[in-house]
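Work out the full structure: start from the sequences and follow the hints.
Order-wise, the sequence lines are chains P, S and E.
For the first sequence, position 308 matches number 308 in my numbering, and the numbering has no gaps at all.
Heads up: take any position in the second sequence, counting from 1, add 1000, and you land on my numbering.
Heads up: take any position in the third sequence, counting from 1, add 2000, and you land on my numbering.
Any given hint could turn out to be false.
Unchecked claim - Cross-link-like lysine-lysine pairs, in silico, DSSO-like; alpha carbons within 27 Å at most:
hint	chain 1	residue 1	chain 2	residue 2
1	P	Lys215	S	Lys1238
2	P	Lys168	P	Lys214
3	P	Lys168	P	Lys215
4	S	Lys1238	P	Lys105
Honestly, the hints are just simulated from the structure, not real lab data.
Being a predicted model, the structure only gives us computed values, none of them experimental.
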Amino acid sequence: MKIRYAQHAIPWVRNVRRLILLLCVLWMPASEGLAASRELRLFIWSEYIDPAVVAEFERQHGCRVIMDFYEDTESMLARMLGGGDALYDVVVPSDNIVPVMIRRKLLAPLNAASLTNRIHLEARFRRPDYDPEERYTVPYLWGTMGLLVRPSPGQTPPDTWGLLFDPKLQPGPFVLIDSARDLFAAALRYLGCSLNSTNPADLRRARDLLLQTKKRAVGFEGSVGGMNKVLGRSVRAAIVYSGEAARAIHTDTNLVYLLPREGSVLWVDNLAIPARAPHRDLAEAFINWLLEPRNAARIANFTRFASPHQGARPYLNPSDLQNPAIYPPEEAFARLDYLRDLGPALRLYDEAWTQLKAR
Amino acid sequence: MKRAPPWSCRRFGSLPTYLCVLAIYLFLYAPLAAVVVQSCNASRYGTAWTGFTTRWYQQLLHNEPALQAVANTLILASASTVLATVLGTSLACGLSRWRFPGRDWLERLLPVPVFVPDILLAVALLLAVVTAQQLGLGLAPGMPAMIVGHVTFQVPFVTLLVRARLAGLDPALEEAARDLGATGWQSFRHVILPLLRPAVVAAALLAFTLSLDDFVVSFFTTGPGATTLPILIHASVKRGLSPEIHALSTLLILAALVLTLALTALYRKPPIPT
Amino acid sequence: MIDPFFVAGRPSQGPVAVHETGRTQDRGRSEAPGWIGALVCGLPVLWMTLFFLLPLLGVVAMSFFSRGPDGEVTLPLTLENYRRLVGFGELGFDPLYPVVLGRSLLLGAVTTVFCLALALPLALWLARLSGRWQALALTLLVIPFWTNFLVRTYAWQVLLSPDSPLTQWLNRLGVGSAGEALYPGWGAVLIAMVCDFLPFMVLPIYVSAEKLNWTLVEAAVDLGANRWQAFRHAVWPQLRPGVAAGVVLVFLPATGQFVVPDLLGGAKIAFLGNLLQQQFGPSRDWPFGAALATVALALLLLVLAARGCRALRQEAPAP
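Given below as structure tokens:
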């Protein structure tokens, strides 16, 4: 048998080829770092930013913005804890998650000097409880949580959580929100307890109420999923955030958004930079960009959430400013509360949530 | 040689059997047909038919994340298949060629990873990736971690398939090559490897499909910009189905159809992974 | 798919040829591996050790750690997670985790049974076809197998939504009330599971059915057996290896599924897979999730060991 491939008959050549292949695989992370110098990685709620604003930033700074999306806060936190704080440059945590992230050292202190546009914020949103020195976060958008309902023709549904929790008031098929703190907030307020309660007895009552409700519910959905289901007419009620409700009503004027009288959640989403973000300077430039009044207004107009920017008011849609779903009237603030970070007591909520989902 | 069943057994082929079989095929194809129909449905929400349109396909062509996901899926599948085929074939050949202490235990334990549910593997990989990241070993969630994960569940399949084929080879061929003066490496390169080629190709194909189909392992090890098609579809389904996803799924169904027909024509028999 | 046990045969004597040529071949050579052999065998084994064995051991080890107040994994080492598994939680005694495990095993078992019931007639029918018809039928069977699993699953959401013709037709037949979707619910989950796993059950049984020795069946019929007896005594024993392969290939993955219950169960019904995903995801309780995973792993190894022991015992007295 004539050996034609003498050089490849040598055993070690095959091994060298294999070694090269292995090196190529291992060099990928290194090359990723080299090639991606003008890149910004954004981790944000789905449908939460105007792509046109992002595109303009890309043009002005000559970089590429990669966006990854999440549907609920807990998933975002799980991803950050699973190594995400070294992968993303900008994240958008809710107010109650910020203290947890600060304690777990997931956030980097912001460079106040580069955030020149911070002065445009409303006084109400400066120096919040969850970040008193404004070291780590900048408010992005704020809103409420409530019920999006498709009422039967001619009927006005009462503004109460009882639409879900009371079988007699049920408007039809409904979905619950797939977020532990938010759903328990609704149940706790319906039972008359504080939505930041750490009393095990309260949580047990809330869990039992939710277990009964789950039997009648179609399922659990995120806010966007719930909105789509109501628009698709497969359910009649869903728990959604205010911006989703405003967008849904804009699409289908038969829908209504209710802020239940028992009380609900007021939230503020913030921009922050993870501790080991690969492109810190670009991230700060991006945050400052989003704080410019015109950009903030464009984002608020696109997402239909409320903007915390005083300076953005002239550029907002006048109809949005009048829309009670987006900017609730002053008297509504009396029954809205912020979710607070509960520290170790969160274990109770986790346990109750697991039990709720598992049964 | 297959012997035809005797006439007495043709009673099994009565009408109920045909109906049952037809029902099973309908059952398998009904969901796929529904998706194809919906991809042409003009309504944005809900599934009621409101008219025929190709709008969603046109929108899909401009959908950056979807195109990126397709690219990621193909890159991931190709890279992991190549690596897994090399590793798996090496292991199969090594196991059959050399005897070393522990070889029997290795052969016995080889099928175990095949049966481990993918969620356990995904959870273990998540732990490995996070630990590696903490230790600064450069393995971050994202494409490298996903490739590692996919190779890990592909290697046992490849090894078992190639091993089975190796076991079925006639040892006389290699003995003849040896008698004619070939060294171990030469007899491997020129006798065994060509005979193994169909099995290696089949194993690579199976590994490729497993990678394309995988959701759970990718879900736990994904990172920025590394979204694959199954992850994208899952996220879209959780958010609320958009018709663009139906269009994308229809294209995937067509791809599977074309691939199967091509392989059937190539090998002159259906591509059953046996 | 192949049954690895079926293929690997008796490890202590080298693998048995798949196509039953009638002779066992021990391909082990007496030469020592040398460093080439070490690399050829060692590299894949190293890979599997690093990325499969060690991480799984790490998961088992992590199940003995505690969860810190913000979800971090900390000392002290504790058995708290296992106590919680049995039911002693912070909100009182609640034995729901064994219930979830039982529910997952039930789902796996029911899926397997339905798949088997559908696969047997199909495989037998396929094996009896000839030539071109068989190729066509097989190709049609395999196309869904090559389609993306997630697409096949969510497609049932489309098919079972309230305004789809199938739901309306089923409503008229009395299944489910008018205007409501058939999903989410146990029914939808089961339908989708069976649809997803059917090819995995049919193909191994078909492989066995192809090699069926019909003369035995003929002999049984000649000796006066009716259809059922002929099936039970002549066909079934020959199909058994394929059935065993199919059952294992369907039961174990079906038990650990989380995607299908998540998408079609409305995230309402929790199974083992959902619980695991939740603990390693939103709930950030990695030690507890690790305890769950350890229990699942232990069960799996038990099943495999039992099967392995039985396989070894069955083949021991062979010539």
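Hint by hint, here is what the structure shows:
1. The suggested pairing of Lys215/P with Lys1238/S holds, with an alpha-carbon distance near 20 Å, which does not exceed 27 Å.
2. Distance hint between Lys168/P and Lys214/P is fulfilled; the C-alpha atoms sit about 15 Å from each other, no more than 27 Å.
3. Using a Cα cut-off of 27 Å, the hinted pair Lys168/P and Lys215/P holds, with the two alpha carbons roughly 14 Å apart.
4. Note on Lys1238/S and Lys105/P: the hinted pairing is violated, with a Cα-Cα distance of about 30 Å set against a maximum of 27 Å.
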